[in-house]
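Chain by chain, the residues run as shown.
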Amino acid sequence: MELGSFIIKRLALMVLVIFGVLIIVFIVTRIIPADPVGAILGGNAPPATVDAMRHQLGLDKPIFAQLLDYLGGLLRGDLGTSLVSSRPVLTDILEFLPATIELAVSSIIFAVVLGIILGLLSAVFRNHFIDHFSRVFSILGISLPGFWLGLILILIFYYKLGWLPSGGQYDMFLFPTRTTGLILLDAMIHGEWNVFWNGIKHLILPTFILGYSSTASIARIMRASMLDVLHQNYIRTARAKGLPRKMVILRHALKNALIPVITIIGLEFGSLLSGAVLTETIFAWPGLGRYIVNSLLTLDYPAVSGGTIFIALIYSVVNLAVDILYAAVDPRMRS
Amino acid sequence: MQYRRGDLLDVSNLRVVFDTYAGQVKALNGVELWMNHGERLGVVGETGCGKSVTALSVMRLIEEPGRITEGSILFEDKDLATLSENILNTVRGKDIAMIFQEPVAALNPVMKVGAQIVENIECQRKSAVLAQGARKAGPVTDSGLSQKHRTKETGSVEIMRDMLGRVGLDWQRTENLYPHELSGGMAQRVMIAMALSSRPKLLIADEPTSALDVTIQAQILNLLNNLVRETQTAVLLITHAMGVAAQFCDFIAVMYAGNVVEYGSVQSIFKNPLHPYTKGLLRAVPKIGRTDELQSIPGIVPDLISPPSGCRFHPRCPHRRPECDKNQPRFEPVREELEADRHHVACFLYQKDL
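Chains as they are written, first to last, in the working numbering: chain C, 1 to 335; chain V, 1 to 354.
Straight-line distance between alpha carbons at most 30 Å, and here's what the computed DSS-like set of lysine-lysine pairs gives:
(1) Lys246/C - Lys78/V
(2) Lys201/C - Lys160/C
(3) Lys112/V - Lys9/C
(4) Lys246/C - Lys201/V
(5) Lys246/C - Lys112/V
Keep in mind the hints are simulated off the structure, nothing from the lab.
Turn these sequences into a full structure, and let the hints guide you.
Laid out in structure tokens, this is it:
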């Protein structure tokens, strides 16, 4: 039952974190010296109209009162109304969220699977070819900026070779049936395999660009952790039992080596979400990151606040999941 | 086939080096020791003299950057020094089992202790099936093997529970614990249960009690003593405590800087120590009722990257002779004593042809 109380504690902490994020974002978007009313009405609107708009948006109230209004709305599930689309921010976000989830999930799967395999092989075949390859691959992943590499890959795979599309979530002449909003999942549900493969093709480059630096970090941590574990006494015990090397590595070393990697996966998911802002812009991916960027450029501050809160929420939930996973893998965390 | 000195284990001229950045550490410099089935041999010496390296070498568990450069490790009819890793794995755990100094660290932290013991039992059954199959009807098919493995070979769990009982643990409370939930003494009991679960012919115990409380040390040694007596298991006990070796063992090998300098029955070593190092070691052991001052051996343990030439003990030896720094003394039997004592020494003071 200690797991239950652990989760409740973490949920309470999560509410606090999100509240903190909310306050910061709210204040920052309100104190920047740019006037959303001017952005909506243009520079030449008569003062009476400006005042009326200001009143309508509640911007004539003190900032503290605005915050209370916002919090009140939040409790009713109201994130405010977008200044640009005039639709509820929540509706907008729910429309853009699935694309980001799809990209983030595929990137993290890519990063975790490839990172762990590379790190494992790197440690087991230390100083062999695969180790050198994996280390160079990791250094590049950490040091190459994603937006630059993204453009280069578009140049190669779209412009020169024509193998992959340059951007978007699927070709525009396709009209996928939507149930969950997740294109690939919907395509599988409805058996629209042409949409599915088209979606996969569109997913490859953004997944690689978004997941590359996380792959690199995970591979590095995995390698270091595995090398450490392979020198532990219990590995010697496992060898003394006469277990074949493969079993020693897979049954005894791997699970222990994964413990520090799990922590990194949670942190990497955060950098992945912030990376999504750039990646989505480069690949014209209709996700939350691009939505937030566009909202920032148009001074649509309710949209910025709402989007940021959602990202904080996703990040917190993922990290909670990671911590639960941590306790599941490492018995020392449970007591 | 060379002349066999012990029908269970005969280590001769074993040399092990570690290649480090600072230089090559010559850790073992021609180790000689042997034992028969059911005997107990204690390997004693200071920290860093190569006791643990010897123990690990016998199981070929020396890791990079260490390697065996010379010598043989005859175990029954095999030379473990040259055996392939696959065949070695049918000996490890099954014929030779090992327990270590830090029992908690020697257990996998994310596996329940019961499962770790069961793993050992099943691993040994598997290699037994393999060995039998190879002898009888050619190769065992993979499917047949995994089939056997899948049915969990009824009995592994029962053996595990029985073993936990034998080492004085209540299986119902212990089998589902993780290593961090055990005390050092309990963990060593689990290690002993695991090691003896496959009924090995030789148990290598590498300072099994050094990391434990003094009261627990005696309990563990007693337990070990009773269990190996029951099963007639031979024990190679690595220890730095002369007293422990004297009580527990039949024979003693005294090591200094990578060499066995003196070997023989407990009586011969304690009653008639010959090598100046052994003598020094015994003078440094406190005893109740002893009134004279404890004497230490002057000097320090040599650096094994550039060890002293000739006899490695010569810089500290009170009986140094001119030839001591030129040649390594041969490891030879002491002729005046009973053959059963197997008293051997590597020292120019006792070489007859000089």
